[in-house]
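Protein chains in written order, with the working numbering: chain A, 1 to 410; chain B, 1 to 237.
Among the hints, erroneous ones may be present.
What the hints assert, rightly or not - In the SDA-like style, the derived pairs of lysine to any residue whose C-alpha atoms are separated by at most 20 Å in a straight line are:
#1 A:K190 - B:K5
#2 B:K193 - B:L227
#3 B:K5 - A:Y307
#4 B:K78 - A:S154
#5 B:K66 - A:G311
#6 A:K190 - B:E213
#7 B:K138 - A:S337
#8 A:K174 - A:S139
#9 A:K201 - B:A169
#10 B:K78 - A:K190
#11 B:K66 - B:V131
#12 B:K230 - A:Y200
#13 B:K138 - A:Y307
#14 A:K375 - B:D166
#15 A:K153 - B:D183
#16 B:K80 - A:E155
#17 B:K138 - A:S308
#18 B:K193 - A:S337
#19 B:K138 - A:K347
#20 A:K190 - B:H69
#21 A:K347 - B:T168
#22 A:K184 - B:H69
#23 A:K201 - B:D215
#24 A:K153 - B:R185
#25 B:K66 - A:D310
Stated by the list, open to error - Here are the in silico distance ranges between beta carbons for each label pair:
#26 B:S186 - A:F48: 21 to 31 Å
#27 A:E407 - B:K224: 39 to 49 Å
#28 A:R409 - B:N192: 55 to 65 Å
#29 A:T25 - B:F222: 51 to 61 Å
#30 B:L77 - A:G28: 53 to 63 Å
#31 B:D183 - A:K170: 41 to 51 Å
#32 A:P253 - B:S186: 43 to 53 Å
#33 B:H74 - A:E407: 34 to 44 Å
#34 B:D183 - A:M368: 29 to 39 Å
#35 A:K170 - B:Y145: 32 to 42 Å
To be verified - If the Cβ cut is set under 10 Å, some of the chain A residues that face chain B in the computed set are:
#36 Y200
#37 T317
#38 T332
#39 D334
#40 S338
Since the hints were derived computationally from the structure, they do not count as laboratory data. Where is the CB? At the ideal position from N, CA and C, for every residue including glycine.
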Amino acid sequence: MEERTLERYKRNISRVSAGSLKQLTSTGNVPKGLEYFTNVLKRTFVDFEKDDNEYIGSYCVMVPDEMIYAFGYRPLRLCAGHSVAAMIGDEIVPRDACPVLKATAGFHAMRVMPIYQQCRLAVLPMTCDGKRKSAALLSQYLPVIPLPIEMDKSEERFAQNLQNMHALMKSISKETGRRFSNRKLIESCKSINAAQQEAYKLYGLLSSDNPPVTGSQVMAVLNSYCYDTPESWAQHAKILNAGLSQKAAAMQPLKRKKPRIFIAGSPITFPNYKLPFLMEGLGAQIVGDETCMAGRLLYDPVVPDEYSTDGILRALTARYVCACTCPVFEQTDDRLSSLTEKLRQTKAEGVIYHILRGCTPYDFELSMVEQLADKLDIPVLRVETDFSAEDAEQVKIRLEAFVELIEQRR
Amino acid sequence: MKQRKITAFRIMCLLIAVVVLVFLGSGYRIIILLLSIFSALVFGRLWCGYVCPLGFYQELLSMLRKKLHIPTFHVSLKVKSYLRPLKWIILVYFLTSVLFFGLRPVMYIRPDLSFSSADMSIYKIIIVGIVTGICFLKERAFCKYCPLGTLRGLFNKISFGKIEKDGTACTHCRACLECCPMDIRSIYEERNKSDITHSDCIYCMKCIEACPEQDVLSFTLFGKKILSSKRNIKQVK
Numbered sequence: 001m002e003e004r005t006l007e008r009y010k011r012n013i014s015r016v017s018a019g020s021l022k023q024l025t026s027t028g029n030v031p032k033g034l035e036y037f038t039n040v041l042k043r044t045f046v047d048f049e050k051d052d053n054e055y056i057g058s059y060c061v062m063v064p065d066e067m068i069y070a071f072g073y074r075p076l077r078l079c080a081g082h083s084v085a086a087m088i089g090d091e092i093v094p095r096d097a098c099p100v101l102k103a104t105a106g107f108h109a110m111r112v113m114p115i116y117q118q119c120r121l122a123v124l125p126m127t128c129d130g131k132r133k134s135a136a137l138l139s140q141y142l143p144v145i146p147l148p149i150e151m152d153k154s155e156e157r158f159a160q161n162l163q164n165m166h167a168l169m170k171s172i173s174k175e176t177g178r179r180f181s182n183r184k185l186i187e188s189c190k191s192i193n194a195a196q197q198e199a200y201k202l203y204g205l206l207s208s209d210n211p212p213v214t215g216s217q218v219m220a221v222l223n224s225y226c227y228d229t230p231e232s233w234a235q236h237a238k239i240l241n242a243g244l245s246q247k248a249a250a251m252q253p254l255k256r257k258k259p260r261i262f263i264a265g266s267p268i269t270f271p272n273y274k275l276p277f278l279m280e281g282l283g284a285q286i287v288g289d290e291t292c293m294a295g296r297l298l299y300d301p302v303v304p305d306e307y308s309t310d311g312i313l314r315a316l317t318a319r320y321v322c323a324c325t326c327p328v329f330e331q332t333d334d335r336l337s338s339l340t341e342k343l344r345q346t347k348a349e350g351v352i353y354h355i356l357r358g359c360t361p362y363d364f365e366l367s368m369v370e371q372l373a374d375k376l377d378i379p380v381l382r383v384e385t386d387f388s389a390e391d392a393e394q395v396k397i398r399l400e401a402f403v404e405l406i407e408q409r410r
Numbered sequence: 001m002k003q004r005k006i007t008a009f010r011i012m013c014l015l016i017a018v019v020v021l022v023f024l025g026s027g028y029r030i031i032i033l034l035l036s037i038f039s040a041l042v043f044g045r046l047w048c049g050y051v052c053p054l055g056f057y058q059e060l061l062s063m064l065r066k067k068l069h070i071p072t073f074h075v076s077l078k079v080k081s082y083l084r085p086l087k088w089i090i091l092v093y094f095l096t097s098v099l100f101f102g103l104r105p106v107m108y109i110r111p112d113l114s115f116s117s118a119d120m121s122i123y124k125i126i127i128v129g130i131v132t133g134i135c136f137l138k139e140r141a142f143c144k145y146c147p148l149g150t151l152r153g154l155f156n157k158i159s160f161g162k163i164e165k166d167g168t169a170c171t172h173c174r175a176c177l178e179c180c181p182m183d184i185r186s187i188y189e190e191r192n193k194s195d196i197t198h199s200d201c202i203y204c205m206k207c208i209e210a211c212p213e214q215d216v217l218s219f220t221l222f223g224k225k226i227l228s229s230k231r232n233i234k235q236v237k
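Just chain A, same shape as in the assembly:
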């Protein structure tokens, strides 16, 4: 790519990311302690800071971070949500592929983000068709280890998934030449668990009756976990949670309650917070989400029965595959029942079903989610969009009507 073009792309990436960050912190209520997390994102997406860490890239929530730490590398979630990168990726992946793949391929092709350059290799779970096919595409840029995931959650397939995890461990070891350390694995399990506990509290605060934090802020905080160490993330999340709890206790109940919206569907990744920003601009409160880059990212804990390598790998497989509610799995009841439970817990009044253009697995399950929401008497709005800001006004009109509908129903 030409130097000048590259410079321009770089500038645009910075600009778009900085814009999202600014919008996160521009609202009147910026919680104490949020700055750390926005700084993590700023370091990565605006300043393109280099560090001397070695990363192993991973996609989806099915690659255990614990395992990557056990090899002494740092995991880096490569699933991107950047509109500029998606534009570049448009030339690499097919037009109808989802923008996450486009953005990811774009980032790899552009070579502007230092953290993408620092990746020793990438682990790509074979989840949806897009991910499956992009393994070959991405192997032009860095070594890729495909991780087969069985799409059936039965007992027999669990054994297969466990074997795949063992094989992944061997592949990483072979590729990097490093030995796997059980001690590091246990340590990382504990530190990630501590981070999950803080994340759990944060989910709780967001779904409380009068949340002291906005949904987009929580999404950004959770997203920043992908670019930080769990220890430092947990430490700052603790400060954030303490501040938020204090704030929640001091807050006066609102006279007119904000419409409570739950976001379901395709992942919303920084800096693509178009949908939450629009919702919040319309006076709605996002009370939770089930996307894999925020609501599900740190939800299920790893509970090993024993700390032998095999015991932990079993627990990792259980947590990362069995508990995953990605729509690529054959069984839909896990997703539907966890959605029911989350809608009940968050007392949501409306569901925004976000679909990234090209993300068919989520689109397939829409009718089932609609049926479920019908039973629970909660309206659902399907919004199909991508990372670009072009359709913001059209989406806004639909969201406006939806918010009005919720207020009318009260």
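Could you slot chain B onto chain A? The hints should help.
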């Protein structure tokens, strides 16, 4: 990580039971037998989890194994289906020997009884060694085929202690099944029934300890909720 308060309590119970049985066992045999029968009728296999000295021996072995980070072995589904009738065969064998021949075959396989009896033959030591080895590698391996346990298990369904599950709130994270010493699959798979007490269940409550979802798994005694699962949000040391 999860705190294991219930397990700590249970190990204490087992320890006390062993001490009591060792010192008073010979004198009050009838009372212990009556207590055992009574508890089986009312609480099913609760005895296995909280009193049985062999259970305690196996727990100690498992604790040692876990300390040493030695992985347990997992039997494949196919082998499991072949092994399923074994516990009934053993039960029938046990009952016929006791009722018709006046023998106590369990004496020879149970390490705790073998140790306490005076005559230690080579044959006995080998059998005890094999049983100990299996129990070391697989948590509560003996309990899966224990004839007394199978008998008590028949009363689990009518027991007053029940393990209950709120299926809709379950996220299928498999934590319960992974820690279950008796490998009861229905606890993980069941979504529709609320009473999931299985005839193999020894009420060790490990599943309730492991479950990260609020009130999904609970233990009720006489219809009153005694224990329920919760997300442990205490700071890890």
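Now for the hints, and whether the structure bears them out:
1. Between the alpha carbons of A:K190 and B:K5 the distance comes to roughly 18 Å, so the proposed pair stays at or under 20 Å and holds.
2. Pair hint B:K193 plus B:L227 holds up; C-alpha atoms about 19 Å apart against a cutoff of 20 Å.
3. Of the supplied pair hints, the one linking B:K5 and A:Y307 holds, its CA atoms being roughly 18 Å apart against a limit of 20 Å.
4. A hinted pair counts as satisfied when its Cα atoms are at most 20 Å apart, and B:K78 with A:S154 qualifies at roughly 14 Å.
5. With a C-alpha separation of about 9 Å, the suggested pairing of B:K66 with A:G311 holds against the 20 Å cut-off.
6. Using a Cα cut-off of 20 Å, the hinted pair A:K190 and B:E213 holds, with the two alpha carbons roughly 19 Å apart.
7. Straight-line distance between C-alpha atoms of B:K138 and A:S337 comes to about 33 Å, which puts the hinted pair past the 20 Å bound.
8. As the CA atoms of A:K174 and A:S139 are separated by approximately 17 Å, the hinted pair is consistent with the 20 Å bound.
9. For the proposed pair A:K201 and B:A169, the alpha carbon gap of about 18 Å is at most 20 Å, so the pair holds.
10. Between B:K78 and A:K190 the alpha-carbon distance is near 35 Å, which puts this suggested pair outside the 20 Å criterion.
11. Restraint check: the Cα-Cα separation between B:K66 and B:V131 comes to about 18 Å, which is no more than 20 Å; the hinted pair holds.
12. For the suggested pair B:K230 and A:Y200, the alpha carbons sit about 12 Å apart, so the restraint of at most 20 Å is met.
13. Between B:K138 and A:Y307 the alpha-carbon distance is near 15 Å, which keeps this suggested pair within the 20 Å criterion.
14. This hinted pair checks out: A:K375 and B:D166 have alpha carbons roughly 19 Å apart, not beyond 20 Å.
15. A threshold of 20 Å between alpha carbons decides the hint, and for A:K153 with B:D183 the separation of about 17 Å falls inside it, so the pair holds.
16. The suggested pairing of B:K80 with A:E155 holds, with an alpha-carbon distance near 12 Å, which does not exceed 20 Å.
17. For the given pair, B:K138 sits about 14 Å from A:S308 by alpha-carbon distance, which is consistent with the 20 Å threshold.
18. Distance hint between B:K193 and A:S337 is fulfilled; the C-alpha atoms sit about 14 Å from each other, no more than 20 Å.
19. For the given pair, B:K138 sits about 44 Å from A:K347 by alpha-carbon distance, which is inconsistent with the 20 Å threshold.
20. Distance hint between A:K190 and B:H69 is fulfilled; the C-alpha atoms sit about 16 Å from each other, no more than 20 Å.
21. A hinted pair counts as satisfied when its Cα atoms are at most 20 Å apart, and A:K347 with B:T168 qualifies at roughly 16 Å.
22. With a CA separation close to 14 Å, the supplied pair A:K184 and B:H69 stays within the 20 Å bound.
23. With a C-alpha separation of about 17 Å, the suggested pairing of A:K201 with B:D215 holds against the 20 Å cut-off.
24. Restraint check: the Cα-Cα separation between A:K153 and B:R185 comes to about 13 Å, which is no more than 20 Å; the hinted pair holds.
25. Of the pairs offered as hints, the one joining B:K66 and A:D310 holds, with about 12 Å between alpha carbons and a cut-off of 20 Å not exceeded.
26. With their beta carbons about 53 Å apart, B:S186 and A:F48 fall outside the hinted range of 21 to 31 Å.
27. Checked against the hint of 39 to 49 Å, the C-beta distance between A:E407 and B:K224 comes to roughly 43 Å, which is consistent with it.
28. Our hint of 55 to 65 Å for A:R409 and B:N192 is violated, since their Cβ atoms are close to 31 Å apart.
29. For the hinted restraint 51 to 61 Å between A:T25 and B:F222, the CB-CB distance of approximately 55 Å keeps it satisfied.
30. Under the hint 53 to 63 Å, the C-beta atoms of B:L77 and A:G28, about 58 Å apart, fit the expected range.
31. Distance hint for B:D183 and A:K170: a CB-CB separation of about 27 Å, inconsistent with the stated range 41 to 51 Å.
32. The given range of 43 to 53 Å is respected by A:P253 and B:S186, whose C-beta atoms sit roughly 44 Å from each other.
33. Distance hint check for B:H74 and A:E407: the Cβ-Cβ separation is about 54 Å, which falls outside the suggested range of 34 to 44 Å.
34. Evaluation of the 29 to 39 Å hint for B:D183 and A:M368 yields a pass: the beta carbon distance comes to about 32 Å.
35. Our hint of 32 to 42 Å for A:K170 and B:Y145 holds, since their Cβ atoms are close to 35 Å apart.
36. Interface restraint check for A:Y200: the shortest CB-CB distance to chain B comes to about 6 Å, inside 10 Å, so the restraint holds.
37. The interface hint given for A:T317 holds, since its Cβ lies 8 Å from the closest Cβ of chain B, which is under the 10 Å cut-off.
38. About 12 Å separates the beta-carbon of A:T332 from the nearest beta-carbon of chain B, more than 10 Å, and the hint is not met.
39. Taken as an interface hint, A:D334 checks out: its beta carbon lies about 5 Å from the nearest beta carbon of chain B, inside 10 Å.
40. This hint holds: A:S338 has a C-beta 5 Å from the nearest C-beta of chain B, less than the 10 Å allowed.
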